[in-house]
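J.: If you read the sequences in order, they're chains E and R.
First residue of the first sequence? That's 1 in this note's numbering, and the numbers climb one at a time after it.
First residue of the second sequence? That's 1 in this note's numbering, and the numbers climb one at a time after it.
Hints were generated in silico from the structure; no laboratory data involved.
No false leads were slipped in.
Derived pair list, reagent style PhoX-like, types lysine-lysine, alpha-carbon separation capped at 20 angstroms:
hint: 1; chain 1: E; residue 1: Lys220; chain 2: E; residue 2: Lys504
hint: 2; chain 1: R; residue 1: Lys123; chain 2: E; residue 2: Lys220
hint: 3; chain 1: E; residue 1: Lys152; chain 2: E; residue 2: Lys128
hint: 4; chain 1: E; residue 1: Lys231; chain 2: E; residue 2: Lys504
hint: 5; chain 1: E; residue 1: Lys540; chain 2: E; residue 2: Lys51
hint: 6; chain 1: E; residue 1: Lys476; chain 2: E; residue 2: Lys525
hint: 7; chain 1: R; residue 1: Lys10; chain 2: E; residue 2: Lys237
hint: 8; chain 1: R; residue 1: Lys123; chain 2: E; residue 2: Lys231
hint: 9; chain 1: E; residue 1: Lys540; chain 2: E; residue 2: Lys592
hint: 10; chain 1: R; residue 1: Lys123; chain 2: E; residue 2: Lys237
hint: 11; chain 1: E; residue 1: Lys401; chain 2: E; residue 2: Lys387
hint: 12; chain 1: R; residue 1: Lys84; chain 2: R; residue 2: Lys62
hint: 13; chain 1: E; residue 1: Lys28; chain 2: E; residue 2: Lys525
hint: 14; chain 1: E; residue 1: Lys130; chain 2: E; residue 2: Lys152
hint: 15; chain 1: E; residue 1: Lys241; chain 2: R; residue 2: Lys142
hint: 16; chain 1: E; residue 1: Lys272; chain 2: E; residue 2: Lys308
hint: 17; chain 1: E; residue 1: Lys476; chain 2: E; residue 2: Lys594
hint: 18; chain 1: R; residue 1: Lys10; chain 2: E; residue 2: Lys280
hint: 19; chain 1: E; residue 1: Lys387; chain 2: E; residue 2: Lys304
hint: 20; chain 1: E; residue 1: Lys231; chain 2: R; residue 2: Lys10
hint: 21; chain 1: R; residue 1: Lys111; chain 2: R; residue 2: Lys123
hint: 22; chain 1: R; residue 1: Lys10; chain 2: E; residue 2: Lys241
hint: 23; chain 1: E; residue 1: Lys311; chain 2: R; residue 2: Lys10
hint: 24; chain 1: E; residue 1: Lys117; chain 2: E; residue 2: Lys19
hint: 25; chain 1: E; residue 1: Lys306; chain 2: E; residue 2: Lys280
hint: 26; chain 1: R; residue 1: Lys107; chain 2: E; residue 2: Lys128
hint: 27; chain 1: R; residue 1: Lys101; chain 2: R; residue 2: Lys84
hint: 28; chain 1: E; residue 1: Lys401; chain 2: E; residue 2: Lys370
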Amino acid sequence: MLKGGYVGRILRVNLSENKISVEDINEKWAEDFIGGRGYATRMLLDEIDPKIDPLSEENKIIIATGPLGSTYAPSSGRVMVITKGALNGAIACSNSGGHFGPELKRAGYDFLVIEGKAEKPVYLWIYKGKVEIRDASMLVGKNTKETDKILKRLTHPEAGTFQIGPAGEKLSLIANATFDGHRMAGRTGVGAVFGSKNLKAIAAKGNLSIAVADRERFAKAVYNARDMLSKDAFTGKGAAKYGTAVLVNVINGVGGLPSYNGHDAYFERAEKISGETLAKDNLVRAEGCDSCPIACGRVTEIRKGKYKGKKGVGPEYESIWALGAACGVDDLDAVVMAGYLCDDYGLDTISAGATVACAMDLYEAGYIPKDDVGFELRFGDADALVKAIELMGKQETEFGKLLAKGSYRLAEYYGHPEFSMSVKKQEFPAYDPRAIKGIGLEYATSNRGACHVRGYTIAAEVLGKMDKNTYEGKAKLTKTLQDLTAALDSTGICLFTTFAIAGKEISELFAAATGFECDESEFLKKGERIWNIERIFNIKAGFGRDDDRLPERMEKEPIKSGPSKGMVADLSGVLDEYYELRGWDKNGVPTKEKLQELGIEDLL
Amino acid sequence: MKILYVDVSKCTGCRACEYACSFAHDGLFNPLNSRIHISEFLDDFVFVPAMCTQCEDAYCVKVCPTGALSKNEETGVVELDYNKCIGCKQCTIACPWGNIKLDVEAKRIIKCDYCGGGPECVKVCHASALQFVEVEDAVLDKQHRSAIYYKDIAQQGV
Chain E
1 MLKGGYVGRI LRVNLSENKI SVEDINEKWA EDFIGGRGYA TRMLLDEIDP
51 KIDPLSEENK IIIATGPLGS TYAPSSGRVM VITKGALNGA IACSNSGGHF
101 GPELKRAGYD FLVIEGKAEK PVYLWIYKGK VEIRDASMLV GKNTKETDKI
151 LKRLTHPEAG TFQIGPAGEK LSLIANATFD GHRMAGRTGV GAVFGSKNLK
201 AIAAKGNLSI AVADRERFAK AVYNARDMLS KDAFTGKGAA KYGTAVLVNV
251 INGVGGLPSY NGHDAYFERA EKISGETLAK DNLVRAEGCD SCPIACGRVT
301 EIRKGKYKGK KGVGPEYESI WALGAACGVD DLDAVVMAGY LCDDYGLDTI
351 SAGATVACAM DLYEAGYIPK DDVGFELRFG DADALVKAIE LMGKQETEFG
401 KLLAKGSYRL AEYYGHPEFS MSVKKQEFPA YDPRAIKGIG LEYATSNRGA
451 CHVRGYTIAA EVLGKMDKNT YEGKAKLTKT LQDLTAALDS TGICLFTTFA
501 IAGKEISELF AAATGFECDE SEFLKKGERI WNIERIFNIK AGFGRDDDRL
551 PERMEKEPIK SGPSKGMVAD LSGVLDEYYE LRGWDKNGVP TKEKLQELGI
601 EDLL
Chain R
1 MKILYVDVSK CTGCRACEYA CSFAHDGLFN PLNSRIHISE FLDDFVFVPA
51 MCTQCEDAYC VKVCPTGALS KNEETGVVEL DYNKCIGCKQ CTIACPWGNI
101 KLDVEAKRII KCDYCGGGPE CVKVCHASAL QFVEVEDAVL DKQHRSAIYY
151 KDIAQQGV
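Please model the entire structure based on the sequences and the hints provided.
T.: Next comes the structure, spelled out in structure tokens:
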């Protein structure tokens, strides 16, 4: 009997058969895999063959909430999209804030499973437990913001909404899933999977009350966590004032900001695109996701130059890096504009920016002819950046179609896949693996391709006390953070809270809400279990040790300038150490003993 | 006397206040049963909190046929006595702002009672958009901020 945290029901919508069904959640799985990312991955492993084509009818999408969602636990409204990812075919869990997750939960469901493929574009309307599959022809081609607006008119003015933009409709492999018109599950191309199912949008509105197992204990845990968050320099002050972009100067300051498609890890004009400059020139106000005291969201406008008058949200640190430093662009207004365009089309800003950077690199090396692009595509050219994003979003030209497939396919097409700064075909985020050693191991081993939010080693290596220049201790750090994040993601809490709180506080919130007794070490164990089932999915999908590697450039081309000048990456030793710590064999396959210890030996 | 002061310009739209309110009153999380409500205007990203303003000359008190609603002169709160309330809902019609409302079961009138002197919504508002302050201090912060604005104009004029 579930005591709290969960609604207890799963909604299943089969778009091929127009069939809607409801089932109870498996309590054992809820205890073992928490919810959100963990529970949904366990479900997906059960329900699809990991070998299928991610854009085929057989793929399923699970939209998952966590047991802390729709409560006042800090930053607890995350919603996860779990599917076989479009960008690389690995297990995808892309995660977003906003208010959709809590609204779905109050509408009656912890999980929404989408199966099959609709004949024509449709949207779902989930209202107080009831579900309708509706014609979405009026939404086709509309950008994410417009879709959100129309959807609210068609359903309920205070509905939580989900949508894909034109990029997702056209199956761009770097398309994101947008929530409430402005919050994105950005990575792994989940937007394309929605597009492949002809599912344009979802609206949800509910009226259920969410209970917790122990009210007094929960309130105490929440206020303790909120107190710690407000006292922390980043979550309490820095993030609200400068957003995540506060990191631009910090990371560049240690020589870890990749620039010019990874040719360097220092951007000499970083100040011009910093969070401080953004706050001065573009910021209108801060915005918070559901129940979030941090409010890192940026509402911005462009006040000068050729894009004057445009308004929108963002850019985040990652977007500023990808559309700025990675492309050598120092014009913040153009970066902001490129970010707005990505948001409108429904493109992942990290992959989109990094793909343009890769294209600029290939162009300057003479591998992309000018006729293919139609204009000069050189590093540092702000106009070219914006034009390239438009090509990518509209996909009206052959080159635009190539860009929309991400940097790996682009570079492969022009005969030089080594120009793509990616792992498992997914572009790096904004930290250089040569300069910051632990994050390199994290990129290589992250089960959805290069990623910073599966185990944010930066918190220890740059903002904390660990030495960023050595691999010593990084296998342990990476494993611990990956396990912690897997568990934390599954509760529905935002990773940003971990600047101030950790396993102890989050496991207490989880236990108080659900009644599943769970101390910190048990919580980490759950995380490890989740990490291992994700690995199992990937192994079954055909991934192995050879995929856990960084691109050649990171190993062979030393950083050219800045504080980390001369450094290269070398994972050879630390990868073995990591496998051993994980209890995996030298090929990266979990051993029988490890799986038995985690109680999942029947899954591989 | 303390009042619940709202600074619309600071609200980030996180809605933690709605959760805190419903949980403090009912032990369950349900924004629809919250005495405070955040209206979102996403086009402009403006979020407007609204709750009972504890009117001096309250329409809800006037229309209440049983005297269940009354103004507490000491605390300034318009109080609701459930022993006297018959659920006629006249107060919800009379309130010009929709700030006295029905819960989702449509069986119970709910309104802000300052949580008996320490509003829970204020405790979770990290943006300080909600403050429970002495009436004298309520607008000083805002006046000070607008004074800074005029100071800048004055300096530019020199």
